[in-house]
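A.B. asks: Single-letter residue listing:
2 protein chains.
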Amino acid sequence: MIKNPYTVNLDPESGKIEGAKLTIRRLSDMADLYLEGKEVSLSSGVDPIIYEIYECSHPSLEGDMNFGTTVMRPGKVGKEFYMTKGHFHSKLHTGELYQGLKGIGLLLLQNQDKEFKCLKLSEGTLAYIPPGWAHRSVNIGEGPFIYFFIYPADAGHDYESIMKMGGFCKIVVEDQGKIKIQDNPRFKA
Amino acid sequence: MIKNPYTVNLDPESGKIEGAKLTIRRLSDMADLYLEGKEVSLSSGVDPIIYEIYECSHPSLEGDMNFGTTVMRPGKVGKEFYMTKGHFHSKLHTGELYQGLKGIGLLLLQNQDKEFKCLKLSEGTLAYIPPGWAHRSVNIGEGPFIYFFIYPADAGHDYESIMKMGGFCKIVVEDQGKIKIQDNPRFKA
Chain A
1 MIKNPYTVNL DPESGKIEGA KLTIRRLSDM ADLYLEGKEV SLSSGVDPII YEIYECSHPS
61 LEGDMNFGTT VMRPGKVGKE FYMTKGHFHS KLHTGELYQG LKGIGLLLLQ NQDKEFKCLK
121 LSEGTLAYIP PGWAHRSVNI GEGPFIYFFI YPADAGHDYE SIMKMGGFCK IVVEDQGKIK
181 IQDNPRFKA
Chain B
190 MIKNPYTVNL DPESGKIEGA KLTIRRLSDM ADLYLEGKEV SLSSGVDPII YEIYECSHPS
250 LEGDMNFGTT VMRPGKVGKE FYMTKGHFHS KLHTGELYQG LKGIGLLLLQ NQDKEFKCLK
310 LSEGTLAYIP PGWAHRSVNI GEGPFIYFFI YPADAGHDYE SIMKMGGFCK IVVEDQGKIK
370 IQDNPRFKA
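Going line by line, the protein sequences match chains A and B.
Heads up: the first sequence begins at 1 in this note's numbering, then just goes up one per residue.
Heads up: the second sequence begins at 190 in this note's numbering, then just goes up one per residue.
Any given hint could be a false lead.
[As the list claims (entries may be wrong)] Simulated coverage check for chain B against chain A, where a stretch passes if three residues somewhere in it have a Cβ under 8 Å from a Cβ of chain A:
id: 1; region: 195-201
id: 2; region: 211-223
id: 3; region: 250-262
id: 4; region: 312-323
id: 5; region: 351-359
[Unchecked claim] Example chain A residues on the side facing chain B (calculated, C-beta under 8 Å, incomplete):
id: 6; residue: T7
id: 7; residue: G95
id: 8; residue: L97
id: 9; residue: G124
id: 10; residue: T125
id: 11; residue: P131
id: 12; residue: I179
id: 13; residue: K180
Hints in this document: simulated from the structure, not taken from any laboratory.
Built from N, CA and C at the ideal position, the CB exists for glycine as well.
All chains, full assembly: derive it from the sequences and hints.
C.D. replies: Structure (structure tokens):
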């Protein structure tokens, strides 16, 4: 239990939060998730950072909240835009709020009934993710896409369910210079 | 239960959130809370807005979250800086997060053991209010003080406990041109 109130500083330009725990996700951490992830990963000989997470997390207790920022790099793996791993919350009935800070991104959402939604985020957008919706972010801009997030501390992360389904039912690709949301050929309904 | 994900836009300059519920708190809504509140209220003949709240709230269910902004006007009632009513959460074991957007304010915090904390907020400050801490904001700047807030949707607001105690144990006043945190003479421990 967190006993005492505290402050930390968030730099909206870089997305950095002083004193927060930093997690770095590289292509090698999630090559399976992209259609051409393994080929690109092996052939390029480099292992780019896809996104970084600065998080202030607390013990997993109902009533507390965890919060932080995600700083997504711009880029593509094959024709797919850089995206996060995506997850349900382990405690399914817990929501999450995103606040766009910089850049342009898409928030892909999918519930257990396989309903799909896509929301666009930029600076000043507040996106409410109700309980029960898995969420993945995609950087569709030319610079970093940065957002603030906050969710109940007892929510937990379920990445497995998404992996087993082959990802979300849709993927976000560049096709002849345009951003398109297409059916994911690897999705197992 | 909120079924579908959605977005709303937050203007960090004005603090306005499109489509959010607006609540306006005037001096007459809280004259009791200021040492000279009733005298000022009666003598001035005007009823100034102290602060406005733009809130996106959801049914009171565990796992959901409510969020919004508070836009505090600058000013004083007697020697006390404009402040919010202040409250515990009815469900005591629920936290809250504040994010400073504009201006300068103080966040006064007090728990049931009468421990007191004061945190300073400005643009980019994230303040975590752990479960069990009553909270009140004070605008100590010369312009609006605006912050974003988010808390569990089942938290509820307990204003009564603060009223019965005569407020927080400290008040924030201007004394000979300086901002001072002083003992609240009306506080009943």
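A.B. asks: Each of the hints needs a verdict: does it hold here or not?
C.D. replies: Here is what the structure says about each hint:
Under a criterion of three residues with beta carbons nearer than 8 Å to beta carbons of chain A, the stated coverage of the region 195-201 of chain B is upheld, 7 such residues being counted. Interface restraint, the region 211-223 of chain B with chain A: violated (0 residues with C-beta to C-beta distance below 8 Å; minimum three). Check result for the region 250-262 of chain B against chain A: holds, 6 residues qualifying (beta carbon to beta carbon below 8 Å, three or more required). For the region 312-323 of chain B, the assignment as covered by chain A holds, since 9 residues bring a beta-carbon within under 8 Å of that chain's beta-carbons and 3 suffice.
Requiring three or more residues with a Cβ within less than 8 Å of a Cβ of chain A, the coverage given for the region 351-359 of chain B is violated, as only 0 such residues are present. Checking A/T7 against chain B: minimum C-beta separation of about 5 Å stays under 8 Å; hint holds. Hint status for A/G95: holds, given a least beta-carbon distance of 5 Å to chain B, under 8 Å. With its C-beta approaching chain B no nearer than about 6 Å, A/L97 sits inside the 8 Å limit, and its interface hint holds.
Look at A/G124: its Cβ gets to within about 5 Å of chain B, closer than 8 Å, so that hint holds up. Checking A/T125 against chain B by beta carbon gives a least distance of about 5 Å; that is within 8 Å, so the hint holds. Among the interface hints, the one on A/P131 holds; its C-beta lies about 5 Å from the nearest C-beta in chain B, closer than the 8 Å criterion. Checking A/I179 against chain B by beta carbon gives a least distance of about 18 Å; that is not within 8 Å, so the hint is violated.
Interface restraint check for A/K180: the shortest CB-CB distance to chain B comes to about 21 Å, outside 8 Å, so the restraint is violated.
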